[in-house]
Amino acid sequence: MRPLILAIQFLTRLPTPQVGNFSPALLARAVAWFPLVGLLLGSMLAALLVAGSLIDPWLAAWLGLLGWVWLTGGLHLDGLADMADGLGAAHRDPQRFLAVLKDPHLGSFGVLTLIVHGTGKLLLLMLLARQGMPGLLAILLIPGWARLGVYLWQTLPPLAPGMAEQFGWQRRPWAGLLNLLGLLVLSLWLAPPLLLAPLVLLAYRQWLARRLGGVTGDCLGAGIELSEIALLLVAVLAPAIMTT
1 MRPLILAIQF LTRLPTPQVG NFSPALLARA VAWFPLVGLL LGSMLAALLV AGSLIDPWLA
61 AWLGLLGWVW LTGGLHLDGL ADMADGLGAA HRDPQRFLAV LKDPHLGSFG VLTLIVHGTG
121 KLLLLMLLAR QGMPGLLAIL LIPGWARLGV YLWQTLPPLA PGMAEQFGWQ RRPWAGLLNL
181 LGLLVLSLWL APPLLLAPLV LLAYRQWLAR RLGGVTGDCL GAGIELSEIA LLLVAVLAPA
241 IMTT
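FYI, the numbering for the sequence shown is 1 to 244, going by the UniProt record's numbering.
Since the hints were made in silico from the structure, they are not lab data.
It is possible that some hints are incorrect.
Label pairs and their in silico Cβ distance ranges [claimed, not checked]: (1) I55 to T119: 16 to 22 Å; (2) L196 to A175: 20 to 26 Å; (3) R211 to M1: 37 to 43 Å; (4) L195 to A47: 22 to 28 Å; (5) L233 to P17: 36 to 42 Å; (6) G74 to L178: 25 to 31 Å; (7) H91 to M1: 45 to 51 Å; (8) P17 to D103: 32 to 38 Å; (9) I55 to H105: 36 to 42 Å; (10) R96 to A203: 23 to 29 Å; (11) R211 to A47: 35 to 41 Å; (12) Q18 to L178: 25 to 31 Å.
C-beta: ideal position from N, C-alpha, C; glycine also.
Model the full assembly from the supplied sequences, consistent with the hints where possible.
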């Protein structure tokens, strides 16, 4: 169970037993458990939305956003901000992009991206809270789908030594396939609009391949955040489209 415990430690702030004899290869094995940890996060977020919805959908959305940031420790938001800074300042220069990623300071592009991203998530969470049970079931699955993307994106060439390279050391295609099938079955049962999730994950991989030619750890974190907000949008828009 060490890979599962390490996956929880890496992706969340939840208390876990200490993992002994840590190695980067063990972290690579932990990727197989990322979607399950995402489902665990989703269940907690759904509970926060239920609690907040007893008073008002906006309170539910605020609690959901607060919980999302706290439970993950802002890990993926950091990657999103760094990638935004890199893209904004690189001017299509790959070396400049990597140099900006290594800079610990937050730039204006990263700040603006976090503001737009955070307000977007808040609004979409409020709209899902208004949906009642369909929205709650979508929230349950979205974090799992987003973390499945790491399987797909890590197959791209690493742009620099680091987290993306380590995740690619020990690829387990069968584990990715099992996670994909499990999420497809759950989506078909609980939230059919999320059957579009594989297309969202593939679209981000295609963008990484064309724009950057590879992937970094920050790109993986950014992909999780972007996939989450894209799937929130899918879950919000699908009922409106189906009724027109």
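Here is how each hint holds up against the structure:
1. I55 to T119: 16 to 22 Å: At 21 Å between Cβs, range holds.
2. L196 to A175: 20 to 26 Å: holds, 23 Å
3. R211 to M1: 37 to 43 Å: Cβ of R211 to Cβ of M1: about 38 Å, so the range 37 to 43 Å holds.
4. L195 to A47: 22 to 28 Å: holds, 24 Å
5. L233 to P17: 36 to 42 Å: holds, 37 Å
6. G74 to L178: 25 to 31 Å: holds, 30 Å
7. H91 to M1: 45 to 51 Å: holds, 47 Å
8. P17 to D103: 32 to 38 Å: holds, 35 Å
9. I55 to H105: 36 to 42 Å: About 39 Å separates the Cβ atoms of I55 and H105, which means 36 to 42 Å holds.
10. R96 to A203: 23 to 29 Å: holds, 25 Å
11. R211 to A47: 35 to 41 Å: holds, 37 Å
12. Q18 to L178: 25 to 31 Å: holds, 28 Å
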